[in-house]
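Join the two chains into one complex using the hints; note that each chain is given alone, in its own frame.
Going line by line, the protein sequences match chains A and B.
All residue numbers for the first sequence refer to this note's numbering, where the first residue is 1 and numbers rise by one.
All residue numbers for the second sequence refer to this note's numbering, where the first residue is 1 and numbers rise by one.
Among the hints, a few may not be true.
[Claimed, not checked] Calculated pairs, SDA-like style, for lysine to any residue (alpha carbon to alpha carbon, straight line, at most 25 Å):
no., chain 1, residue 1, chain 2, residue 2
1, A, K36, B, R26
2, B, K9, A, Q80
3, A, K36, B, A56
4, A, K36, B, L88
5, A, K57, B, Q101
6, A, K51, B, K9
7, A, K51, A, Q80
8, A, K70, A, P110
[Stated by the list, open to error] To list a few chain B residues with every Cβ distance to chain A over 12 Å, as calculated:
no., residue
9, K57
10, G58
11, G99
12, E102
[Said to hold, decoys possible] Partial list, computed: chain A residues near chain B (C-beta under 7 Å):
no., residue
13, Y22
14, T28
15, T102
16, T107
17, P110
Honestly, the hints are just simulated from the structure, not real lab data.
Quick reminder that beta carbons are idealized off the backbone N, C-alpha and C, glycines included.
Residue-level listing of the chains:
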Amino acid sequence: GQQVMQIPQYQHVQEGEDFTTYCNSSTTLSNIQWYKQRPGGHPVFLIQLVKSGEVKKQKRLTFQFGEAKKNSSLHITATQTTDVGTYFCAASPGANNLFFGTGTRLTVIP
Amino acid sequence: DSGVTQTPKHLITATGQRVTLRCSPRSGDLSVYWYQQSLDQGLQFLIQYYNGEERAKGNILERFSAQQFPDLHSELNLSSLELGDSALYFCASSVQAGGPQETQYFGPGTRLLVL
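The shape of chain B in the complex, shown without the other chains (with noise of 0.2 Å):
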């Protein structure tokens, strides 16, 4: 157990929808990390928030946001799903900024399908 929490574990929905991925870092960590892993990819970086603010931009689309609140959790909600939007979606914590040698610790992971 890494001590990040990700609700819900699954969710079904259909396309044109718009779901809110909710993440809580372990105590202390200032950092969050959102990603996506499709069936059979590796990990894809999407946005990271560190101590309520935007730190780092991934492959995020315009469709997707994201925001962390000063409970330092964080939400990140896709909107107009496609099919394709259909993966994991990893959250993970680190203690500070995200500096290069900071270990990332994800939590379980929600699993989106879209319909």
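Excised from the complex, chain A in its bound form (with noise of 0.2 Å):
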């Protein structure tokens, strides 16, 4: 079936340094959504890509989507404590429904 793929599975980062996390796909994707899920908390919605290579911006976190639409990109600069919990892609690689990525967990140390 279809599988996005997200890594790395863990991060544990230095309050102010930088986190970035990567989703892949084997097949071409229509868009792609990125989710936050906060330790004990449901995911939340944090924003969508359409375009090929396109860029979003959002305070501190930047989202990419590739140029060949399979992967994407989410960066945090600066993190804080308030940055900690998992962040999961979703796409839907021709299917009606989102496949969520197996997420990465971050944590961030004061």
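Here you go:
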């Protein structure tokens, strides 16, 4: 079946360091979404990317969609303790429903 | 607060039992999705209903079933429960039929513990 792979699975950073998570698909994606799940919480929609090569920013978060629309990344500049959580990408590679990536769990050490 | 409600918040039961999880979507949303999240696991898509009809099926076991009622709330039934069914079960909703560009809004989840 369709799979959306995310790396790394876990990331520990010192507060103030940068963080990046990558999402890869073997097939071309029509779009990609990113969600954040705080510890003990539920996934919350962050952003959607649709166009090839698209880059979007939300304060310290930068989202990119690859030129071939097969990969995406989320980069956080100067992490803060409030960034702690699991970041999921989600995509629909031709199907109707979203397939969620395996997630990257970010720990920020104060 | 996403506007999606789920009950109960916590559920403890024994192996072999049957439970029902309930979800009310955001006002106006026609699609409901069910996901299972085990410890340290990602979100496993189970099933989607759109306006009362089954729309898409994921990795849902035969022991599990779901339905969406005329008022658009949904129930997920889990039967012959096994220890491995212990997980967080999330419901999500979206406005339409779940096209690739639709955002999903997640409820707070039901934590199921099977002893």
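| said: Hints numbered earlier in the text: which of these fail when held up against the supplied structure? | reply: Going through the list in order, the structure violates hints 2, 6, 7, 8, 9, 10, 11, 12, 13, 14, 16, 17 and respects the others.
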